[in-house]
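Starting from the given sequences, assemble the full structure and let the hints guide the process.
The opening position of the sequence shown corresponds to residue 349 in the numbering used here, with each subsequent residue numbered one higher.
No lab work stands behind these hints: they were computed from the structure. Source: prediction; values computed, not measured. There could be a bad hint or two in this list.
The calculated lysine-lysine pairs, modelled on DSBU-like cross-linking and capped at a C-alpha distance of 35 Å, are [unchecked claim]:
id: 1; residue 1: Lys-390; residue 2: Lys-438
id: 2; residue 1: Lys-438; residue 2: Lys-394
id: 3; residue 1: Lys-394; residue 2: Lys-359
id: 4; residue 1: Lys-359; residue 2: Lys-438
id: 5; residue 1: Lys-390; residue 2: Lys-354
id: 6; residue 1: Lys-354; residue 2: Lys-394
id: 7; residue 1: Lys-356; residue 2: Lys-390
id: 8; residue 1: Lys-356; residue 2: Lys-438
id: 9; residue 1: Lys-354; residue 2: Lys-438
id: 10; residue 1: Lys-390; residue 2: Lys-359
id: 11; residue 1: Lys-394; residue 2: Lys-356
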Amino acid sequence: MLESFKGKYVKLLVSTNSGAGIAGDGIQRVYNAMITVFGTVKDYDKQFLELENTTTLYHAGIECSYEKVTFASVEAQFNNIKPVQSFENKRALININNIIEVAEIE
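Next up, the structure:
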């Protein structure tokens, strides 16, 4: 299936092995880190997808402690909010087992 993406400009959602979503129990939650990669697919094998001229966006995630929960609303305090980090690379190898989604960008 990856053959149809060769030479195409794509966006990848890549797992950080912590999952893309919310973790935790009780009144504290952690929004897990996510990685998004943009680039042109050059090649692939059983283990890696090779991209050229990539931009990697790393969303570090945040912690959220619920201060007050009522029937109508939830008031939350967000802690440890980190800005999105961006990296430009000439070439990158992405582990195929960590790719959640590949989307072609026109």
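Hints versus structure:
no. : hint              : result
1   : Lys-390 / Lys-438 : holds (12 Å)
2   : Lys-438 / Lys-394 : holds (22 Å)
3   : Lys-394 / Lys-359 : holds (20 Å)
4   : Lys-359 / Lys-438 : holds (16 Å)
5   : Lys-390 / Lys-354 : holds (6 Å)
6   : Lys-354 / Lys-394 : holds (15 Å)
7   : Lys-356 / Lys-390 : holds (8 Å)
8   : Lys-356 / Lys-438 : holds (16 Å)
9   : Lys-354 / Lys-438 : holds (17 Å)
10  : Lys-390 / Lys-359 : holds (14 Å)
11  : Lys-394 / Lys-356 : holds (19 Å)
In summary, this structure violates none of the numbered hints.
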